[in-house]
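From just these sequences and the hints, can you work out the full model?
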Amino acid sequence: MLRKYLVEITILLVGAFTMMFEIVGSRIIGPYLGTSVYVWTSNIGVIFASLSLGYWLGGRLSVNRANYLYLGGMLVLAAFFVFITAIANVYILDRIIKYIPGFKLRTVISAIVLFAPASVFFGMVLPYGIKLKMQNMAHSGVTVGRIYALSTFGSIIGTFSAGYLLLPELGHTNVQLAISICLFLLAAIILLQAHKWIFSMIPSLLLMITALTMNYKHNKVKDFIDEDTQYNRVLIYNTTDKNTNRPIRMLRINNESSSAMFLDDDNDLVFEVLKYYRLVDYFVPGFEKTLMIGGSGYAYPKDYLQQHPHATIDVVEIDPGLTELAGRYFDLPDDPRLSIIHEDGRTFINRSNKTYDAIFMDAYKSMLTVPFQLTTIEAVQHLRNMLSDNGAVFANIISSLSEENNQFLRAEVATYQKVFPHVYLFAVQYPNPTDKEKGFFQNIMLVAMKSAQPFDFTSPDPELDDYLRHKVTLKGVDKSQILTDEYAPVEYYASKVLD
1 MLRKYLVEIT ILLVGAFTMM FEIVGSRIIG PYLGTSVYVW TSNIGVIFAS LSLGYWLGGR
61 LSVNRANYLY LGGMLVLAAF FVFITAIANV YILDRIIKYI PGFKLRTVIS AIVLFAPASV
121 FFGMVLPYGI KLKMQNMAHS GVTVGRIYAL STFGSIIGTF SAGYLLLPEL GHTNVQLAIS
181 ICLFLLAAII LLQAHKWIFS MIPSLLLMIT ALTMNYKHNK VKDFIDEDTQ YNRVLIYNTT
241 DKNTNRPIRM LRINNESSSA MFLDDDNDLV FEVLKYYRLV DYFVPGFEKT LMIGGSGYAY
301 PKDYLQQHPH ATIDVVEIDP GLTELAGRYF DLPDDPRLSI IHEDGRTFIN RSNKTYDAIF
361 MDAYKSMLTV PFQLTTIEAV QHLRNMLSDN GAVFANIISS LSEENNQFLR AEVATYQKVF
421 PHVYLFAVQY PNPTDKEKGF FQNIMLVAMK SAQPFDFTSP DPELDDYLRH KVTLKGVDKS
481 QILTDEYAPV EYYASKVLD
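Numbering (my numbering), first residue to last: 1 to 499.
Be aware that a few hints might be false.
Said to hold, decoys possible - Cut-off 27 angstroms, straight-line C-alpha distance, at most; resulting in silico cross-link-like pairs (DSS-like, lysine-lysine):
#  : residue 1 : residue 2
1  : K438      : K354
2  : K289      : K471
3  : K418      : K354
4  : K275      : K438
5  : K475      : K436
6  : K471      : K436
7  : K418      : K471
8  : K475      : K275
9  : K289      : K275
10 : K98       : K242
11 : K275      : K354
12 : K479      : K418
13 : K438      : K475
14 : K418      : K365
15 : K275      : K365
16 : K418      : K475
17 : K98       : K436
18 : K104      : K436
19 : K98       : K365
20 : K104      : K438
21 : K275      : K436
Calculated from the structure, these hints are not laboratory results.
Right under this line is the structure:
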């Protein structure tokens, strides 16, 4: 009975494992190259090219060698390369970053090295399985249709199970090792069914090695957290702040340092840019209700609750896993003045009918890229509509002040200026840059005022007065660069900088 449906079971499982492997790919590369559209494009393009090569090779091989020994061998090799990707991806990516120039080229090379070998053997299984099941040409269409339907159904199962269940529960490394174990086990069964007792010992041995590696990975260093949520790969570790030499706990999402807190009983903010949200005291005195888009490690919301005992804050964070981690590792308080909404920032501002005195924007997709749907004139109009009469938006943007590589900043300023009467910029690291420093990337706080009231940009508060002195003027803003839902090439602008 098993032998009768062994090929069908194999096709179904390989279809599932292929999609799991593809989805896991972004989590592997994320900490090194981010999760931009270029990373996804490279991963998907390389995997589909590899599958195509595998289809061709499998079809050629099936002409004269259609037997279960070769099918088992394909599965062993696919499992082996998935295993190599699981245990060696850090070493491989470190070398690619070091020796390969150019962001886009790195994404393509990374995808080829990490995902192409296994994908070729995944692809070989489908035409080879068809040949094994082909009884006569009269029923060839039925056979091919059934096999392709099984493969596609397996892909659907793999896609949903990886995204909704396996990655959040197991993490990307254990998912890959689990794929390897299943493939080695399937290969051993096929070789045993083919009465290849000697050959079946090979996948059995590799199966044991993979299982031991999985156990080792699961019980690795306690001081370093590498966890997959539904949306992100999150790294948490203790280190030293390079500016103060004080101990901190760092949270990284993909290749971005997203949040941090001091470990020496000091509740001050680690990242200087977050302190610029305190300008709300200057621009919107007497505020009571605020909104923050992007929670991450909840560093600023914690500071806000301490600094403003009279005020409330709603935080929209798409990833509930980040909120859970913030509670476990970053002392996120259970405070009735803090309301957390797990939702995409754009869908929230589209539907919300609440009014806020200030809105803080700190959502990032990867190192330099704000999710495009939060940058457009449609989104900015929604933000304006949500503000009270004297309200303001405070948006953290990473850019330089040089016209050579600040295209996104200029476009975003133009977009806000279309909607708000006053837009100001405050350069956190280089407020009076030299020609060389203008090209350096830094945090820039954009402040957009709903009212047209004038400001003298001085404050009796020494801290706020210092931040206000960081006000800069941006050259080269072109109203034709306004970002829209239909056209917002945010990642394209970022890629030009990284190349």
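*Decide if the proposed pair is consistent with the structure: K289 and K471, CA atoms, cutoff 27 angstroms inclusive.*
Between K289 and K471 the Cα gap is close to 26 angstroms, so the pair holds against 27 angstroms.
*Please work out if K275 and K365 have their alpha carbons no farther apart than 27 angstroms.*
Status holds; Cα separation ~21 angstroms.
_K275 and K438 were given as a pair; does the straight-line alpha-carbon distance stay at or below 27 angstroms?_
Cα-Cα ~22 angstroms, so holds.
*Pair hint outcome, K275 versus K436 [Cα-Cα no greater than 27 angstroms]*: holds (26 angstroms)
*asked:* What's the verdict on K471 and K436, does the C-alpha distance respect the 27 angstroms limit or exceed it?
replied: holds (19 angstroms)
*Given the hinted pair K418 and K365, is their alpha-carbon gap at most 27 angstroms?*
holds (24 angstroms)
*Holds or violated: K475 with K275, Cα cutoff 27 angstroms?*
Status holds; Cα separation ~25 angstroms.
_For K104 and K438, compute the direct alpha-carbon distance and say whether it is at most 27 angstroms._
OK: K104 and K438 at ~24 angstroms, within 27 angstroms.
*asked:* Can you confirm whether the C-alpha distance between K418 and K354 stays at or below 27 angstroms?
replied: At roughly 23 angstroms apart (the allowed maximum being 27 angstroms), K354 and K418 satisfy the hint.
*Take a quick look at whether K479 and K418 sit within 27 angstroms of each other, Cα to Cα.*
holds (8 angstroms)
*Given the hinted pair K289 and K275, is their alpha-carbon gap at most 27 angstroms?*
holds (18 angstroms)
*Could you grab the alpha-carbon distance between K98 and K436 and see if it respects the 27 angstroms cut-off?*
holds (24 angstroms)
Of the hints listed earlier, the one the structure fails to meet is number 1.
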